[in-house]
Structures are given as structure tokens and as C-alpha cells.
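Enquirer: Given the structure of chain A, go ahead and fit chains B and C onto it with the hints provided.
Protein chains in written order, with the working numbering: chain A, 1 to 123; chain B, 1 to 123; chain C, 1 to 123.
Please keep in mind that the hints were generated in silico from the structure rather than gathered at the bench.
Don't take every hint at face value.
Just so you know, same-sequence chains aren't split out, so a pair can sit in one copy or run between any two.
As the list claims (entries may be wrong) - Pairs of lysine to aspartate or glutamate residues, derived as EDC-like cross-links and limited to a Cα-Cα distance of at most 16 Å, are as follows:
#, residue 1, residue 2
1, Lys65, Asp108
2, Lys116, Asp39
3, Lys116, Asp48
4, Lys116, Glu82
5, Lys77, Asp112
All values reported here derive from a predicted model rather than from experimental measurement.
The lines below spell out each chain.
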Amino acid sequence: MPHITLEYTQNLAPELDAGEVLMSLNRALAGSGQFQEPDIKSRALVLDRFLVGTAPEGRAFAHVKLALLSGRSAAVKRELSEALLTALSRACPPRAGLDVQLSVEVVDLDRDAYAKESRGAGS
Amino acid sequence: MPHITLEYTQNLAPELDAGEVLMSLNRALAGSGQFQEPDIKSRALVLDRFLVGTAPEGRAFAHVKLALLSGRSAAVKRELSEALLTALSRACPPRAGLDVQLSVEVVDLDRDAYAKESRGAGS
Amino acid sequence: MPHITLEYTQNLAPELDAGEVLMSLNRALAGSGQFQEPDIKSRALVLDRFLVGTAPEGRAFAHVKLALLSGRSAAVKRELSEALLTALSRACPPRAGLDVQLSVEVVDLDRDAYAKESRGAGS
Numbered sequence: 001m002p003h004i005t006l007e008y009t010q011n012l013a014p015e016l017d018a019g020e021v022l023m024s025l026n027r028a029l030a031g032s033g034q035f036q037e038p039d040i041k042s043r044a045l046v047l048d049r050f051l052v053g054t055a056p057e058g059r060a061f062a063h064v065k066l067a068l069l070s071g072r073s074a075a076v077k078r079e080l081s082e083a084l085l086t087a088l089s090r091a092c093p094p095r096a097g098l099d100v101q102l103s104v105e106v107v108d109l110d111r112d113a114y115a116k117e118s119r120g121a122g123s
Numbered sequence: 001m002p003h004i005t006l007e008y009t010q011n012l013a014p015e016l017d018a019g020e021v022l023m024s025l026n027r028a029l030a031g032s033g034q035f036q037e038p039d040i041k042s043r044a045l046v047l048d049r050f051l052v053g054t055a056p057e058g059r060a061f062a063h064v065k066l067a068l069l070s071g072r073s074a075a076v077k078r079e080l081s082e083a084l085l086t087a088l089s090r091a092c093p094p095r096a097g098l099d100v101q102l103s104v105e106v107v108d109l110d111r112d113a114y115a116k117e118s119r120g121a122g123s
Numbered sequence: 001m002p003h004i005t006l007e008y009t010q011n012l013a014p015e016l017d018a019g020e021v022l023m024s025l026n027r028a029l030a031g032s033g034q035f036q037e038p039d040i041k042s043r044a045l046v047l048d049r050f051l052v053g054t055a056p057e058g059r060a061f062a063h064v065k066l067a068l069l070s071g072r073s074a075a076v077k078r079e080l081s082e083a084l085l086t087a088l089s090r091a092c093p094p095r096a097g098l099d100v101q102l103s104v105e106v107v108d109l110d111r112d113a114y115a116k117e118s119r120g121a122g123s
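If we strip away everything but chain A, and leave its shape as in the complex, we get:
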């Protein structure tokens, strides 16, 4: 916890550097003061099969899901999604000729049912 999943349509690559976007997102979360830095676990999925509406071309999207343990206030979740959207927007280069939608959702993880285990590098 927290988990970030970045999805982006293939027509945003190669201009979009997934590693750079993930770093921007993780820094935004680390800077929020809500999490321990090593706990932030992020992944990016490039979408090579996608469809926006019913138009075959000219559209793209990048979407971020933030999953965090339940219990944070609506205000904190709103601040986190805004911070992630800002980071995503800055890290996504402009693309002429494409309608691009950027979005961020926040999901609560059921705290009581969350189980975890950590193994240090020396273990």
C-alpha cells in the first residue's frame, strides 16, 4: 500500500516515457506525506488493444488508479487524485492530432482483509 496502476494507450508511446511518468507519480505520492516512500508500488501497462467511443482513430487516454487502505478522508483522497493528475499531465507530452483524456481514480482497499509480508534484501 499504496498501489498505483498507470494505463496508457499505445498511440501515446513512444513520446510518453512510462518510467518517467511512474517516477513523477511516485514522487507526488511520496511528497504528500501520507505514505512511506518504499511502500509505494507502481506499474505501467501499455494498451495495444483499445477503443475510445466508437471512433477507430484519433483518440487516446492515460488513466491512473490509486488504491490505498480504507480510512482516509474524502478531502485527502481528493488532494491525492489532484496531485496525481497534475503529475500525469506534466509528464505526458502534448500530442498534436489526438484527443487525449487523462484521468485518475482512487479506490479504497478493505483494510481488514489486506495481508502483506516484507522480505528484506538480506533475508
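Expert: Frame of chain A, contents of chains B and C only:
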């Protein structure tokens, strides 16, 4: 919003045409009258590592997740899932020799924490 | 229902055998007595673009999401997540030099909006 994620096991390919299924799903949503056509953002993931139960072979599945902003009634969500299942079923060709499970889930997105930005093709 | 999604970072491969982990997870669920064996639908996604915190290297994670129809008690969900974490931990070989985080989340599927269809191998 809304977001669709189609997952299907690799043994349904190549008969299953992901682009065709996505178009069927998006048309079903667009035809529901609940959404603006350009807002429907869909992706397909082919699953090359999967396991149904504990049987090594002979089973397949295709699963659709519809994520939409919270606030719609249970009846509307039920109608949407039924419409998506119908579209999925029609778009999935029959496969002799395989037990195939088709399913649709509907997830509410936390409306207060959802953030988005649109960039037009000319911007 | 239920659905399992296993995600693991690429630096855990090739020691981590996704097929073996899925079998362990599915057996754990089948052994819980909560599900019919053929209903357990699992997939594994290897994450080749990931970032843990803001450190470029030396960290890894494997994460399991269990999605099941709403209505089960918190105690049952806790037992299931513990059983899956145990199975995941046993199936993940030790990796010297890596900080590895293992985690399991449980998500309720909206029962009223869940739609499904089964096609037998002979149909």
C-alpha cells in the same frame, strides 16, 4: 468515465477478435443513453498466463469490468451489465472443446475523488 | 467468481513460475470450501514497467487481488487473504539482493450487477 476492461484467455484467440468485441461493448454502452460516446474508454488484455480451477486445460474465460462514476441505480447497473454480457456473448465465437465462462462486473468509481483533464486534437 | 489477479515485477522472473503460483493460489481457494473449483478464474500479469517508491533498483513486489461476490463476512475474507498470502509466500522463491513485498487484497463484486454465462465444452 466510463472505463471498460476486457480480459480474455489466450485459448480464445485468434477466433476472438478483440477489436470487434470492444466495438460491440462500446456500442452497447453508447446505445444505453447513459454516457457520452467519446467518454467510453475501453481496453482489452489477452491473458497468456491463466488457470481456471485446478485443471490445466480445456477451460477459458472472458471477463468485462465496467467502471462508472458512483450514483447510478442498481437497476441501471444491472441493465448495463446485461447489455454488456449480451454484446460479449454475441461477439465471442463458439469454441468446441472448451468450457467457456463469460462474466461482467460493474464497479463504482468514487465520484468525489475522480479527477480528469481533456486535451483536444487541436490543443 | 471468484477472480484472482496475480501481478509480479519482472525482476522476480524467471525464478517465479507464474503457472506454479497460480496453481498454489487456486488450490488455496478450492481448499477453503467457499467456492466451486471450476469457478476459480485466475490470471498472472508480469510487470515489465514498475517502480517501487523512488528507488530505481533493488525492489520487487508480487500482489494478488481476490474479487468475490459481496456477502461474505469480514472473518471469511480475512481467512482467504491469509491463505492466499501463505500460498504466495511459499510459491515465491527467495531472492537475495532484493527487497520483496508480497500483498493480498480482497475486493467485493457487486452481486446485483454481476452477470455471467457458461458454455460447456460440448455446446
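Enquirer: Each of the hints needs a verdict: does it hold here or not?
Expert: Right, here's what the structure says about each hint:
With identical chains, the CA atoms of Lys65 and Asp108 are at most 16 Å apart both within one copy (11 Å) and between copies (13 Å). Taking the shortest Cα distances, Lys116 and Asp39 sit within 16 Å of each other inside one copy (11 Å), while across copies they are farther apart (25 Å). In this homomeric assembly, Lys116 and Asp48 never come within 16 Å of each other (Cα to Cα): the closest approach is 32 Å inside a single copy and 22 Å across copies. Taking the shortest Cα distances, Lys116 and Glu82 sit within 16 Å of each other only across copies (9 Å), while inside one copy they are farther apart (28 Å).
Taking the shortest alpha-carbon separations for Lys77 and Asp112, only the inter-copy value of 8 Å comes in at or below 16 Å, while the best intra-copy value is 19 Å.
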